[in-house]
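Enquirer: Please model the entire structure based on the sequences and the hints provided.
There are 2 protein chains.
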Amino acid sequence: MTTLLTGGGGFVGINLVEQLVAEGEHVVVFDLQFPAAAKEVIARHHSKVEIVTGDVRDRGGLDALFSKFDIKLVVHAAVITSNAAREARDPNEIVEVNVLGALSVLRHAQAANCERVVYVSSGQAYGKTHDEGVRLHEEISPSRPEDVYGITKFTAEQIALRLGELWKLHVVCVRLGSVFGPWEFGTGVRDLLSPFLQTAELAVLGKTAVIPAAEVRRDWIYSRDVAAGISAALRGKSLQHRLYHLASGMDWRGSFPEWCDTLRQAYPRFSWRTAGRGEQPNVSFFLARGRAPMDITRATEDFHFSPRFGPGAAYRDYLEWIGKHEDFVANARAAR
Amino acid sequence: MTTLLTGGGGFVGINLVEQLVAEGEHVVVFDLQFPAAAKEVIARHHSKVEIVTGDVRDRGGLDALFSKFDIKLVVHAAVITSNAAREARDPNEIVEVNVLGALSVLRHAQAANCERVVYVSSGQAYGKTHDEGVRLHEEISPSRPEDVYGITKFTAEQIALRLGELWKLHVVCVRLGSVFGPWEFGTGVRDLLSPFLQTAELAVLGKTAVIPAAEVRRDWIYSRDVAAGISAALRGKSLQHRLYHLASGMDWRGSFPEWCDTLRQAYPRFSWRTAGRGEQPNVSFFLARGRAPMDITRATEDFHFSPRFGPGAAYRDYLEWIGKHEDFVANARAAR
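Protein sequences, first through last, are from chains A and B.
Each number in our numbering comes from the position in the first sequence (counting from 1) with 802 added on.
Each number in our numbering comes from the position in the second sequence (counting from 1) with 802 added on.
For the record, the hints were derived by calculation from the structure and aren't laboratory data.
It cannot be assumed that every hint is accurate.
One copy or any two copies: either way a pair holds, since identical chains are not told apart in the list.
[Stated by the list, open to error] Result set (SDA-like, lysine to any residue): computed pairs, CA atoms no more than 25 Å apart in a straight line:
{"hint": "1", "residue 1": "Lys-930", "residue 2": "Pro-1070"}
{"hint": "2", "residue 1": "Lys-930", "residue 2": "Asp-1097"}
{"hint": "3", "residue 1": "Lys-970", "residue 2": "Ala-887"}
{"hint": "4", "residue 1": "Lys-930", "residue 2": "Leu-1041"}
{"hint": "5", "residue 1": "Lys-1009", "residue 2": "Arg-1066"}
{"hint": "6", "residue 1": "Lys-874", "residue 2": "Ser-1057"}
{"hint": "7", "residue 1": "Lys-1009", "residue 2": "Leu-968"}
{"hint": "8", "residue 1": "Lys-930", "residue 2": "Arg-1044"}
{"hint": "9", "residue 1": "Lys-930", "residue 2": "Thr-1099"}
Expert: What follows is the structure, encoded as structure tokens:
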């Protein structure tokens, strides 16, 4: 029995590969491309992981994939995480990948009689609702997505839930908080990179970070916690709902200087400061508006989701990982 | 200067052709197909209307269309109005037409430097929110669409608004109430037909209508009012918003027997009754849940939208129209 992971060569995907392999699962990872560092990790677990290169828009490729492997569980994480420039330039491609790609994977999962499909959605689906500052709840809080990324995540998740009902396919959607941590990189389809990574890159290169004067309210979650949560959603025995938050549930504002100081201790040539009046920061929080924390009671109750990494623990773990992957981090933004 | 109307061979589309022609506009109607009766109407106004057969998914066809005509205003009404069976069978096609089709038309409108694009959306985008029974407001009421039709209408309208901002294209979205009236028919991509039409067909054929015991709460609006509203949204000079309701603003419950009696007076061979306990109606209200009335203050204030047809006036006008189009009505469901 095999678990298919689309987008398995991406940021969240590689974390999930590590998680699933550690749990003893057999995994097929499917993606457009795989960074060399990720291929090394995968090679280390070669008896447990198979790599298939392909595009979720290519039905023939998915046909072959589902024919070759006995896929019973699916995590669909393949997506274009777009910024405004890409949205203005090629909204069609974003819809084709984010919506039609999801539909195609669902159709194959249905035909293969899969036991469960986890669709990886995003807190970005809440859009404007984040502005209200109220802790978000899956049932109560409305979705008011604004950008094409958030709109297409909402669309794909809602269609997935609808088809799950019509097809009697067990579809579970998870909305992620803002993710950072090991394996974040500019995949070529990920336009928005976390300030944690931006700063880490400057640290490894021995440069100076100039951070924005004001932190934006943000529900960060560490990538290893996300991976553990998705795995739990994939195998949980008593799921009462179809939509769950996977977030830290916390507002991380005020902790960013601690990350900068953590980096500085390890990389003495690195320095950082807050942008002065009129000065242009070289690290961006990339969202004009803050995001309200997402309630994680459902995930905690139904599949014992419990984030292990708060700011301090996450920073220590990420720094250790960065120490082993300095070349990766120094080039992590290159693909953008 | 020409107005392009996609979906111009469909129910709302033909009403809009009549409206625009009456206002002296030059119109290009674009659709997969045109019913013979509509072609007759269009032929009567041949100096004002041009018919182009095509598919909104075909970019080459749209290229040719925009090259041939000096299109400055666009109404995008081409859509698949799907039921659950179609959604289960071919969700991809619905997304391709309803979302990618809209994107493609928007892209062409942008390239042609159009003055305004009206995207015809639906109250179905509110989905579950209708259940709250509260009068819906464009700004306040959240969208919780459930079926693929409602989800894709929401998606296309939100992407249209986003691209309007990014591209500096004047996009206006109108959410329609439940439409009935002249020119309603099963286009082949319209799965849900109003109980008014279902009953009219039975009347023309001299059969008996068995109507459901309970009416569902519904914000019906007469098709001629919708056409007048879309035209006003297309030309209004002082639009303060980007999303408007075009609805009657009323709950029509209790008026359906009046429609049946109106038909009976004109078609004595026709009869109707309410379904008895355990009896299967042959007229369906087709929605399990009611729909809350939609507030029309915005449209009234910004472009003087004011529905002329309440239940009584609509029934008289529709009956007169039916008298002139009995063959059309007798076959109106055939394409389903």
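Enquirer: For each hint, tell me whether it holds in the structure or not.
Expert: The hints, checked one at a time:
1. Lys-930 - Pro-1070: neither (40 Å within a copy, 56 Å between copies)
2. Lys-930 - Asp-1097: both (17 Å within a copy, 22 Å between copies)
3. Lys-970 - Ala-887: between (39 Å within a copy, 14 Å between copies)
4. Lys-930 - Leu-1041: Result: close only across copies, 22 Å inter versus 29 Å intra.
5. Lys-1009 - Arg-1066: Within one copy, since 11 Å is at most 25 Å while 84 Å is not.
6. Lys-874 - Ser-1057: neither (41 Å within a copy, 52 Å between copies)
7. Lys-1009 - Leu-968: Classified as neither; 54 Å inside a copy, 34 Å across copies.
8. Lys-930 - Arg-1044: Answer is both; intra-copy 23 Å and inter-copy 16 Å each pass.
9. Lys-930 - Thr-1099: both (22 Å within a copy, 23 Å between copies)
Comparing the model with each earlier hint shows violations of hints 1, 6 and 7; every other hint is respected.
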